[in-house]
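S.K.: Those sequence lines, one after another, are chains A and B. When we follow my numbering, the leftmost residue of the first sequence carries the number 14, and every step to the right adds one. When we follow my numbering, the leftmost residue of the second sequence carries the number 281, and every step to the right adds one.
Treat the hints with caution; some may be incorrect.
Unchecked claim - Straight-line alpha carbon distances no greater than 30 Å define the calculated BS3-like cross-link-like pairs of lysine-lysine that follow:
(1) A:Lys-62 <-> A:Lys-604
(2) A:Lys-612 <-> B:Lys-377
(3) A:Lys-913 <-> A:Lys-959
(4) A:Lys-742 <-> A:Lys-1108
(5) A:Lys-780 <-> A:Lys-883
(6) B:Lys-441 <-> A:Lys-612
Since the hints were made in silico from the structure, they are not lab data.
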Amino acid sequence: MEREYITIDGNEAAAYVAYKTNEIIAIYPITPASTMGELADMWSAQGEKNLWGNVPHVIEMQSEAGAAGAVHGALQTGSLTTTFTASQGLLLMLPNMYKIAGELTSTVFHIAARSLAAQGLSIFGDHSDVMAARSTGWAMLFANSVQESMDCALISHSATLAARVPFLHIFDGFRTSHEINKVEKLGDDDIRALIDDSLVHAHRARGLTPDAPVIRGTAQNPDVYFQARETVNPYYLALPTIVQETMDKFAALTGRQYHLFDYVGAPDAERVIVIMGSGSETVAETINFLAEQGEKIGMVIVRLYRPFSTEHLLAALPATTKSIAVLDRTKEPGSAGEPLYLDVVTAIVEGFANGQAPFQNMPRIINGRYGLSSKEFTPAMVKAVFDELQKPLPKNHFTVGILDDVTHTSLSFDPNFDIEDPDTVRAIFWGLGSDGTVSANKNSIKIIGEETENFAQGYFVYDSKKSGARTISHLRFGPRPIRSPYLITRANFVAVHQFGFLQMYDVLDEAEAGAIFLLNAPYAADEVWMKLPHKVQEIIIRKKLRFYVIDALGVAQELGLGGRINTIMQTCFFAISGVLPRDEAIEQIKKSIRKSYGKRGEPVVQKNFAAVDATVGRLHEVTVPSEVTSTVEVAPAVSPLAPFFVQNVTAEMIAGRGDLLPVSALPNDGTYPSATSQWEKRNIAQEVPVWEEDLCIQCGKCVFVCPHAVIRAKVVTPEELANAPEGFKSSPARWREFPDQQYTLQVSVEDCTGCNLCVEVCPVKDKSSVGRKAINMEAQLPLREEGRKFWEYFESLPEHHNDAELKNNQVKNVQLLEPLFEFSGACAGCGETPYLKLISQLFGDRALIANATGCSSIYGGNLPTTPWSKNEQGRGPAWSNSLFEDNAEFGLGMRLTLDKQYETATMLVDSLRPQIGDALADALIANEQSDDNMIALQRQAVTELKEKLATIQEQAAQNLLSLADKLVKKTVWIVGGDGWAYDIGFGGLDHVIASGRDVNILVMDTEVYSNTGGQSSKATPQAAVAKFAAGGKSTAKKDLGLMAMSYGSVYVAQIAMGANDRHTLQAILEAEAYPGPSLIIAYSHCIAHGINMTKGLEQQALATQSGHWPLYRFDPRLADEGKNPFQLDSKDPSIPVQEYAYNENRYRILQQTNPVVAAQLMEAAQTTVNERWKKYSELASTKK
Amino acid sequence: MDLSTTYLGLQLKHPVVPSASPLSQTIDGIRRLEDAGASAVVMHSLFEEQIEGESHLLDHYLNVGVDSTAEALSYFPSMAHYNIGPDAYLEQVRAAKAAVSIPIIGSLNGVSTGGWVEYARYIQEAGADALELNIYFVPTDLHTSAVSVEERYLDIVRAVKSQVSIPVAVKVGPYFSSFANMALRLSKAGADGLVLFNRFYQPDLDLEQLIVTPNLVLSSSHELRLPLRWLAILHGRVPVDMALTSGVHTHEDVLKGLMAGAKVTMMASELLRNGIHRIGEVVEALEFWMEEHEYLSVAQMQGSMSQQNVAEPDAFERANYMKVLQSWRADPNSVLR
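Same shape as in the complex, but just chain A (with noise of 0.2 Å):
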């Protein structure tokens, strides 16, 4: 049979078969198992047929383990459904799987494997979470590659029919999940051949119904529970067969034949590898490579590992075999080895036992880890494997593809070691996100593996930031099947479409000699040579490098393209890489666009066209001198000023190098410094703001809205500005309490983001030229020398604290305080980071944050940098991230301690009275701590505590003194977004808001899951689009702030800096002070609106004065005085909805798409509103 050939990624791979073999569909995203769902709800919407034809029903739920739930339930009635998940999520399954499997349930769990949070999240591959699921008692079935995502999603679901086991079938995250490759397309004649519908029919009678009632899921007790558990052995003995017999028919069908444990390499192999998933691609390459050279080796591949079949291992040995080197890609702490491993050693042992095992001695078998969060697995690393089960006394336990200095685990391996096909071409693209680079080489993968003989592989890396986020793309095309899942380590082509990354990154070190490198300058071909740094002439004259360049950004901006330049590199890519003749690649580059860009209208087409009819003749080849002679040097990654754990450690991960890092430079426990944002000089921005003294009224706005703290002021004294250098601005500053002081205000230009809302915000307009306002964007380049001078200067300044001085009640006010959350990794613009950055100033040095995954986890603790800061006293917000779902409760547990510590602590303040004095007591006991001037003085009286403490050497003293430091206020932020706050964690934030305890909750709701990439929440307004809502929201957002309300005992406020800066500040102060639990609901915009996002602030504007966001606050204390504790802050709306809406794609997307629907969703948000505002309005009027 003829079949298509793809080129697609496993996630859509296994995604497909799901579909296709599925009526019901209920997931919850994770990374990076996102996709499958996506894909399965955007066929739906589009009408797209399963193999009964009919739709499959696709739903988000609340969490993973509602979708579990649901799944559960759709099962038993007898539906044929499917999940897909991964990581923490399977977690969240585990109690619904043992039912499943328990109750022999049909069903296939799609997931694409990913590391557990331990030390640290980690979104990336390895087999820690199945190996936490296999116990449930589902069968396990691994694919190793994007052809085997689709073959063995096939298997699965047709053997979980006849098995009535249900099935995780698994892929490698990211390293499977999100590789491109060309894959032979399964029709429906082959998944209906595996699909038998008598199964289908017995599965569907199994399901629960009145008209043949039975129960299940009953409560049982020890006379029974036991036998009843072994009644389900028969079917695992079975099931291997089952599987085997299910690989077979497929084989017939497709050519394609899998065993439960496939054997490849020498027949007479005396070691022998043991693995499982991708790495076994590698370990395959590497021995037919070793195997030429008469290496006596080979490898088993697990493919079904639950239920582990003994018999079927065994029998897939060598009988030469001599050593086993069980590869397991997760990590058991404190385990005999790792899973894998026990279970090959219990079968071999066992075998030999009994006399099953093909071999006359028992071979020596040893364990070792490898991989883990999609570590790097290479053929290098294969061979160290190798040798060392060559050794007399090989290592076991051991750890490869990492230096582990601390317990020695690690194997050595030679980097250098190479088995890359000459044939193949190997190409690295270094990008930016923003400039489309992925986006190109996805284009070029398709064009090359599906309109030529070619084969072809694509993978991306992505760096953590999502402002300015560095991408690097590894394609490899070919006239043979590319089974090579591990980064490009030798590249006869290398791309660097961003200059900078001269300066940042060490672009060429995989550019093999004689290759080619294609440079994006704003240099003409002529003066490009002087511009690059000393170190990358060297490399391009040392490997003979041939070296073109492109003015892309120029051609870009004349075609009105922006930054965009994926079309013109690519072009560049086809013109000189010889992948394809010239003109046949143009042709095809047209075709891709007009196929990519076709829906979005021809003028978008005609510009991409455009672009490509551009590019060939500003494509220019540079003549190569041959000497170096550029000054220009490479700086370091971090300044010499840095500390040493960022010097040496964090300063390796910012350049790249991160894994070469050893064991011993890493924190054991998971602990990171804070305050390290501010060594990472990213230089991102191309324009930053420039201040305008004499224009300035020293409002504080523009620091205020800042997301990235990088523009900051402090009122100094004339004598404190003395040694300023020169062009330093300052102006007299404009407070009665500081008179004849100097003002000034600084942009930290190297940490800008050039997002504009500084200028946004501004409220004055030059009287000369209105246009012109108090700070305005400017050419960063020309301004980064002077800029970090200035900036150095500004930070030797004084610190504003604040003591009695100034009240923090207003917004000019606030901008002299310290921000302990600066240059994160958000987006440019972001519309969350200024409320962080807010509370961080007010309460940062006594603030414990609990931080729900999500965007500002990432942005708040992804490694390498973090934002949250701390001052000079080397005090800031002390920070940590539990899980997505139990922030609240993560939060609450902090406050716990911190009542129940400064509860300890006063008692033994009191039990010391005659120790330290009746009135140092008093001192300590009696001060509320309600303004930051008692909390200073406490701070006093605690640092004179612990000075008469280290003197007194009771026990209880020494008990007091671990405590001494509890006894000053703290305050707990809870922070997270709507995907927490209204869905998979609202039952817990509930739960913390009825404890009645001092928390305080801040929901940056963005209305949509923004780091997973647009789901729809149940934050998601009416009419909106988002991921699970292609067709438009069709139902209001929920209410939270009014569910809060109805407690009576809970503050509430609903903000938007935008709409309203001294609203906002007045709110999370009265949030802070409220002594019990305190809700802020804050809007954020979002680039998941598709918005304009220098307009993020006017967008808040409009959205309060629309009504769909009104501010409000609820305080239970007015109640107490007998007032309306619910003060409605914003006014009547003046404008419609829409007005406020059709600004933003997240809307306007469905006018475009179905303007019928579009238009009666919004005439329902309309009275949604209404209604709403009525209910307020009503609330606010109602007199205590």
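Fit chain B to the known structure of chain A by using the hints.
M.R.: For chain B alone, kept in the frame of chain A given last:
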């Protein structure tokens, strides 16, 4: 009484036609205009900027953040189809044709000869009976000469005419050095009709906010005078059907337009301000007036007071200027007030 007229080859039951406005933005609105008695409807305009802009805007927002971070490779669901700018408009033309029996005149608004002119053909294919081409160009470039501006107009007319076989009326503003000559050249370039005149909405300055604000001021009857003059001057001299737009509020305005030489008179401001029932009222008053003054048909009066047909042709020329200035002192209700 015969109120019928022909315009761009279309037989209309009377000469009162709603011009392009938000009233024709929905099918329901178009249906209501028909019910209110409109003899034809000029659809709201499809703008060149809309054709190009919506496409680019959609592209921009679908690109933002895409393939940038490992966890979020996109931010919006992938849609099978986007009904952007022109698609929705064309669909509306189709739906309008199906919904009403009066002629539908499509409206295309632009300032260049780019790819957007193809949409003239699409509008025709969607079923429009005629096309109004609205050229709304504000030449701000110091180096753009009057000649090149005029050439641009003619190029656009030629480009659009090359796309369609339905009649094309060109709607322009009055700001040409020699409008009579321009009208003739537009006719020679292929214009089947002229719509006089475009109202250039002039921006205003907000003194509190210090911003330039778009400011749409609805017309009043006194704005009738300018197009009236040019209708009268051009009638019988340029072989095109002329439509009067700007300042038509009452049956008197309609009568003046017809007498000056208009085939149809177009209303928008009046309908926006006082409701679409005004169409019926104006037609009724027109009929009443004609009966009272013993006119038999609209055709009878069309052009009856054009420059060629009045007793004092110079009343439409410069001499008139002096009279107006003198009258201003005497008459506080003068048009120049």
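S.K.: Each hint needs a verdict: does it hold in this structure or not?
M.R.: Evaluated hints:
1. A:Lys-62 <-> A:Lys-604: 28 Å, holds
2. A:Lys-612 <-> B:Lys-377: 26 Å, holds
3. A:Lys-913 <-> A:Lys-959: 19 Å, holds
4. A:Lys-742 <-> A:Lys-1108: Holds, at roughly 28 Å.
5. A:Lys-780 <-> A:Lys-883: Roughly 40 Å separates the two Cα atoms, so the pair is violated.
6. B:Lys-441 <-> A:Lys-612: 27 Å, holds
In this structure, the one hint that does not hold is number 5.
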